[in-house]
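There are 2 protein chains.
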Amino acid sequence: MPNPTAAMLVIGDEILSGRTKDTNTNYLACALTEAGVDLKEARVVSDEHDRIVAAVQELSKAYDHVFTSGGIGPTHDDITADAVGAAFDAHVDIREDARALLAAHYERQGSEFNDARKRMARIPDGATLIDNPVSVAPGFTIGNVHVMAGVPSVFKAMVATVLPTITGGQPLLSETLRVNIGEGDVAGAFGDLALAYPDLSFGSYPFQKDGVYGCNLVVRGTDGARLKMVVAELAKALGVEYV
Amino acid sequence: MPNPTAAMLVIGDEILSGRTKDTNTNYLACALTEAGVDLKEARVVSDEHDRIVAAVQELSKAYDHVFTSGGIGPTHDDITADAVGAAFDAHVDIREDARALLAAHYERQGSEFNDARKRMARIPDGATLIDNPVSVAPGFTIGNVHVMAGVPSVFKAMVATVLPTITGGQPLLSETLRVNIGEGDVAGAFGDLALAYPDLSFGSYPFQKDGVYGCNLVVRGTDGARLKMVVAELAKALGVEYV
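The listed protein sequences correspond, in order, to chains A and B. Going by full-length UniProt numbering, the first sequence opens with residue 1, and the numbers climb by one from there. Going by full-length UniProt numbering, the second sequence opens with residue 1, and the numbers climb by one from there.
Among the hints, erroneous ones may be present.
Same chains, same names: a pair is fine if it fits in one copy or spans any two.
Unchecked claim - List of simulated lysine-lysine pairs, PhoX-like, C-alpha gap at most 20 Å: (1) Lys-209 to Lys-156; (2) Lys-209 to Lys-21; (3) Lys-21 to Lys-156; (4) Lys-21 to Lys-61; (5) Lys-156 to Lys-61; (6) Lys-61 to Lys-236; (7) Lys-21 to Lys-228.
It is worth saying that the hints were derived from the structure and are not from the lab.
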């Protein structure tokens, strides 16, 4: 059975202006690879209702899971809950369990639980809350879309909550052969091997540093022993050592 | 006149598996912001012909410019030129000027100009070459799509070549007010200001470090003096100092 597929949707003008570097996609990519879920696409869209709705609809139809990050805070530009609700034609309002979590949190903190903070309890009908052990304001899952915070520490905590609920496939493993040979000189043998093992994935990533150049040849698949066998074959074809 | 719009398309399994962190999107985002081009969307797709073709077609219709990174090297997984050609229904073959550049380069290096390396001279009909001062193999522009290398140093050099050929708008400027106040306590005044100045963009970015928390309130627009005026108004509303 093939692994389930997933897409990442990053929501936020601050990524597209370059002000903030998105680190959540790479974190999710690594976590999904380990869990046996294939991340097939990632997108960044701006804080515009229609663009978020369109992206959520497109990605949730195309993939088994969609993970979003960003836009669930208390300010006016936090419009993700409403946009994801609209994408699923679900009514969005302040939900009692989310409100209660936040009310208790702000009471403990001695901060006012004002209208802005109440916005963070806006959850589409039919959604399941995602726990936020860092700053309380919950994420949620509706259909196959997991809506999570943009702040990296909160995003990570939410991924940790959601991942165990997903039935993953076999973790994708990789084996790398690093060679001090130009890509152009390994491409023939590497391409031949890719043709001979169509069930594995072959990628070449050149490097150049301090005058030394070469490439990392990466073979990916789910059977570790088989990867080692194929990389040994590659090393032999290139006349290099593989330990 | 509104600024021209752009999208970034990152091509590569290594980004989606988490093995490699994409730094090109952030680099491009900063460069475009400075040049007055609005980056509206970014995507990462895998090394699969049909997915690249679909993304190029969709993005090149939706935005004024599309920038791609990745997949123009000599190995079998470098399929960007063919996919972009297919997206524009353009024939792709080894082009004489690109071939000559590469042939001279490998002769200087004393490396064989083999079939794998000749693949890097495959350019769609009607494209304009993009100079590669780092490792010679050129990128190209076809229609409104600029096809560039994934290796960051080469990507940057190609952006430097392409950007001056694009008519930008007014650079997007920003003014930031950093406050040690929770987002929920500034959201009211910040949202009111966003309503009062609909031509500016307002974003709030919370931070939490070593027990100190607060947020950066960012106002973006093209008139620096106006931004300072609006941020001064914001500071006054929040009762904080703005220097």
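Cross-check of the supplied hints:
For the identical chains of this complex, Lys-209 and Lys-156 are inter-copy neighbours only, at 16 Å across copies versus 32 Å inside a copy, given an alpha-carbon limit of 20 Å. In this assembly of identical chains, Lys-209 and Lys-21 lie within 20 Å of each other by CA distance solely across copies; the values are 17 Å between and 24 Å within a copy. For a Cα distance limit of 20 Å, the shortest separation of Lys-21 from Lys-156 qualifies both inside one copy, at 16 Å, and across copies, at 17 Å. Taking identical chains as interchangeable, the C-alpha atoms of Lys-21 and Lys-61 are never at most 20 Å apart, the minima being 28 Å within one chain and 27 Å between chains.
When the C-alpha separation of Lys-156 and Lys-61 is checked against a cutoff of 20 Å, the pair qualifies neither within a copy, at 25 Å, nor between copies, at 35 Å. Taking identical chains as interchangeable, the C-alpha atoms of Lys-61 and Lys-236 are never at most 20 Å apart, the minima being 44 Å within one chain and 47 Å between chains. Taking the closest pair of Cα atoms, Lys-21 and Lys-228 never come within 20 Å of each other, the shortest separation being 35 Å inside a single copy and 25 Å across copies.
Going through the hint list in order, the structure does not satisfy hints 4, 5, 6, 7.
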